[in-house]
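Dock chain B against the given chain A, drawing on the hints supplied.
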Amino acid sequence: MMKLKINKWSAINDREVLLNGESKLVFDSTALTDQKLEVAYRALGVSYPKFFKMDAQSKLGWLSAEYLCEGGKLFDTSASKDVALVLSNRKSSLDTDEQYQQSLTNEEEFLPSPAVFVYTLANIVAGEICIRHGIKGENNFLISESFDAAALVNYVTILFEEGLCEQCLVGWVEAYHGTLRSMFASIAKTTDEKAGLLFNIENLNQVYQTSEL
Amino acid sequence: MSELISKLKQQIVDQLNLADVDPAGIDENAPLFGEGLGLDSIDALELILLMQKNYNIKIATAEEGQKIFSSVRAMADFIEAHQKA
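Going down the list, the sequences are from chains A and B.
116 is the number that this note's numbering gives to position 116 of the first sequence; each next residue is one higher, with no gaps.
79 is the number that this note's numbering gives to position 79 of the second sequence; each next residue is one higher, with no gaps.
Rather than coming from a laboratory, the hints here were simulated on the basis of the structure.
Every residue, glycine too, gets a C-beta built ideally from N, C-alpha and C.
Treat the hints with care, since some could be wrong.
Said to hold, decoys possible - Simulated crosslink set (SDA-like; lysine to any residue; CA at most 25 Å straight-line):
| id | chain 1 | residue 1 | chain 2 | residue 2 |
| --- | --- | --- | --- | --- |
| 1 | A | K91 | A | G45 |
| 2 | B | K53 | A | P112 |
| 3 | A | K50 | B | Q83 |
| 4 | B | K7 | B | P31 |
| 5 | B | K53 | A | T105 |
| 6 | A | K53 | B | S6 |
| 7 | A | K53 | B | Q83 |
| 8 | A | K136 | A | T157 |
| 9 | B | K7 | A | P112 |
| 10 | A | K8 | A | N140 |
| 11 | B | K7 | A | L111 |
| 12 | A | K3 | A | V153 |
| 13 | A | K53 | B | Q52 |
| 14 | A | K91 | A | K189 |
| 15 | B | K67 | A | V153 |
| 16 | A | K53 | A | T179 |
| 17 | A | K50 | B | G34 |
| 18 | A | K53 | B | A81 |
| 19 | A | K50 | B | G65 |
| 20 | A | K53 | B | I42 |
| 21 | A | K53 | B | Q11 |
| 22 | A | K189 | A | L121 |
| 23 | A | K50 | B | A30 |
| 24 | A | K136 | B | D40 |
| 25 | B | K53 | A | V116 |
| 26 | A | K50 | B | A81 |
| 27 | A | K50 | B | Q52 |
| 28 | A | K53 | B | A85 |
| 29 | A | K136 | A | V118 |
| 30 | A | K53 | B | L49 |
| 31 | B | K7 | B | G36 |
| 32 | A | K8 | A | K194 |
| 33 | A | K53 | B | K84 |
What the hints assert, rightly or not - Restraint-style ranges between C-beta atoms, simulated for each label pair:
| id | chain 1 | residue 1 | chain 2 | residue 2 | range |
| --- | --- | --- | --- | --- | --- |
| 34 | B | Q66 | A | A195 | 53 to 59 Å |
| 35 | B | D27 | A | Q209 | 50 to 56 Å |
| 36 | B | S2 | A | L142 | 49 to 55 Å |
| 37 | A | L142 | B | D14 | 34 to 40 Å |
| 38 | A | N140 | B | K58 | 38 to 44 Å |
| 39 | B | T61 | A | A150 | 53 to 59 Å |
| 40 | A | Y48 | B | R73 | 54 to 60 Å |
Next up, chain A with everything else stripped away, as it sits in the complex (with noise of 0.2 Å):
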């Protein structure tokens, strides 16, 4: 019977950056959001210069696949519409929202910047990640109250199950009024079910509180 299996996790928050629970990267406490961010990006080493044009959200989830890919490919598979990326969050992309209502009640300079709009929606973080990684799969954005860890889990094994993916990126990512939170988790399949942890509601959700400690 095939099972699913989580190959490795990554995560973001204030503090610092983790590969499969080990620390890659700690934060400067007193450093500003996008200081982290942009430490996390020149720690890569990689050149990508759209990154900065991106809102605080998208960097996340950007750099949350890059630390999670360690400099390689993200998948070991050249088919990429076999490849599906699930995220969620719980705020969809309010800060950017917000960012760009202020620029648009503001009379006296009523200059909006159409490069801050296009981050006014939260599925923008998985096209910047699909773009990256050349994944032409099926994307989605859950909006939930909370990590649902049972609907991400539900979710991405029907997508398993219909055949419409070989291989997903699943996870939670937000970025909001200068917090940070972010976990990233490579699913695929296997029929050893000793190999690597079991891609369950309950490995999820431990995933999850593990990157959160």
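The following block gives chain B in isolation, referenced to the frame of chain A:
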């Protein structure tokens, strides 16, 4: 003119968040789109904003925009002509 070109290069870097681009290293005669800085359609809108915000210039048509944004020098030429008018 050279002062305006230098100022414009810095404003482009700031407006478009070109974090790793040294303004002094931008070739004022090189095309802004397609090669060189590799700008995209959203950048074009941001450049329109830059002209409006800093020089009170409103780009009237897409054809005019294509001509004005062909290079940093073309932008500077247009600003200078606008200021003299």
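Results of checking the hints against the structure:
Taking the CA atoms of K91 of chain A and G45 of chain A, the gap is about 31 Å. The hint is violated against a cut of 25 Å. A distance of roughly 11 Å separates the Cα atoms of K53 of chain B and P112 of chain A; the hinted pair therefore holds under the 25 Å criterion. Proximity of K50 of chain A to Q83 of chain B is assessed by CA-CA distance (about 33 Å); at most 25 Å being required, the pair is judged violated. For the given pair, K7 of chain B sits about 18 Å from P31 of chain B by alpha-carbon distance, which is consistent with the 25 Å threshold.
Between K53 of chain B and T105 of chain A the alpha-carbon distance is near 16 Å, which keeps this suggested pair within the 25 Å criterion. With a C-alpha separation of about 22 Å, the suggested pairing of K53 of chain A with S6 of chain B holds against the 25 Å cut-off. For the hint linking K53 of chain A to Q83 of chain B, the alpha-carbon distance of about 31 Å lies beyond 25 Å, and the restraint is violated. In summary, the hint linking K136 of chain A to T157 of chain A is supported, as the alpha carbons are separated by about 18 Å, within the 25 Å threshold.
Distance restraint check for K7 of chain B and P112 of chain A: the Cα-Cα separation of roughly 22 Å lies within the 25 Å cut-off, and the hinted pair is therefore satisfied. Using a Cα cut-off of 25 Å, the hinted pair K8 of chain A and N140 of chain A holds, with the two alpha carbons roughly 20 Å apart. For the hint linking K7 of chain B to L111 of chain A, the alpha-carbon distance of about 20 Å falls within 25 Å, and the restraint holds. Simply put, K3 of chain A and V153 of chain A have alpha-carbon atoms about 12 Å apart, close enough for the 25 Å limit, and the pair holds.
Only pairs whose Cα atoms come within 25 Å are accepted, and K53 of chain A paired with Q52 of chain B is accepted, the gap being roughly 20 Å. For the hint linking K91 of chain A to K189 of chain A, the alpha-carbon distance of about 31 Å lies beyond 25 Å, and the restraint is violated. For a cut-off of 25 Å, the pair hint linking K67 of chain B to V153 of chain A is broken: about 53 Å separates their Cα positions. Our distance criterion of 25 Å between C-alpha atoms is met by K53 of chain A and T179 of chain A, whose separation comes to about 19 Å.
Of the pairs offered as hints, the one joining K50 of chain A and G34 of chain B holds, with about 15 Å between alpha carbons and a cut-off of 25 Å not exceeded. Restraint check for K53 of chain A and A81 of chain B: the C-alpha separation of about 31 Å exceeds 25 Å, so the hint is violated. Between the alpha carbons of K50 of chain A and G65 of chain B the distance comes to roughly 23 Å, so the proposed pair stays at or under 25 Å and holds. Taking the CA atoms of K53 of chain A and I42 of chain B, the gap is about 10 Å. The hint holds against a cut of 25 Å.
Annotation: proposed proximity of K53 of chain A to Q11 of chain B holds, straight-line Cα distance about 15 Å (limit 25 Å). The straight-line distance between the Cα atoms of K189 of chain A and L121 of chain A is roughly 31 Å, outside the 25 Å bound, and the hint therefore fails. Pair hint K50 of chain A plus A30 of chain B holds up; C-alpha atoms about 20 Å apart against a cutoff of 25 Å. With a C-alpha separation of about 21 Å, the suggested pair K136 of chain A and D40 of chain B falls inside the 25 Å cut-off, and the hint holds.
Straight-line distance between C-alpha atoms of K53 of chain B and V116 of chain A comes to about 16 Å, which keeps the hinted pair within the 25 Å bound. For the suggested pair K50 of chain A and A81 of chain B, the alpha carbons sit about 33 Å apart, so the restraint of at most 25 Å is broken. With a C-alpha separation of about 24 Å, the suggested pair K50 of chain A and Q52 of chain B falls inside the 25 Å cut-off, and the hint holds. Taken as a hint, the K53 of chain A and A85 of chain B pair is broken in the structure, with Cα atoms around 35 Å apart against an allowance of 25 Å.
Proposed proximity of K136 of chain A and V118 of chain A is supported: the alpha carbons are some 20 Å apart, at most 25 Å. The straight-line distance between the Cα atoms of K53 of chain A and L49 of chain B is roughly 16 Å, inside the 25 Å bound, and the hint therefore holds. Distance hint between K7 of chain B and G36 of chain B is fulfilled; the C-alpha atoms sit about 19 Å from each other, no more than 25 Å. At roughly 15 Å between alpha-carbon atoms, K8 of chain A and K194 of chain A fall within 25 Å of each other, so this suggested pair holds.
Simply put, K53 of chain A and K84 of chain B have alpha-carbon atoms about 34 Å apart, too far for the 25 Å limit, and the pair is violated. Q66 of chain B and A195 of chain A have their C-beta atoms about 56 Å apart, which keeps the hinted 53 to 59 Å range intact. The given range of 50 to 56 Å is respected by D27 of chain B and Q209 of chain A, whose C-beta atoms sit roughly 52 Å from each other. Between S2 of chain B and L142 of chain A the CB atoms are about 54 Å apart, so this pair conforms to the stated range of 49 to 55 Å.
Distance hint for L142 of chain A and D14 of chain B: a CB-CB separation of about 36 Å, consistent with the stated range 34 to 40 Å. Roughly 40 Å separates the CB atoms of N140 of chain A and K58 of chain B, a value that falls within the hinted 38 to 44 Å. Taking 53 to 59 Å as the suggested C-beta distance range, the pair T61 of chain B and A150 of chain A conforms, at roughly 54 Å. Here the CB-CB span from Y48 of chain A to R73 of chain B is close to 29 Å, at odds with the stated 54 to 60 Å.
Checked against the numbered hints above, the structure breaks hints 1, 3, 7, 14, 15, 18, 22, 26, 28, 33 and 40 and satisfies the rest.
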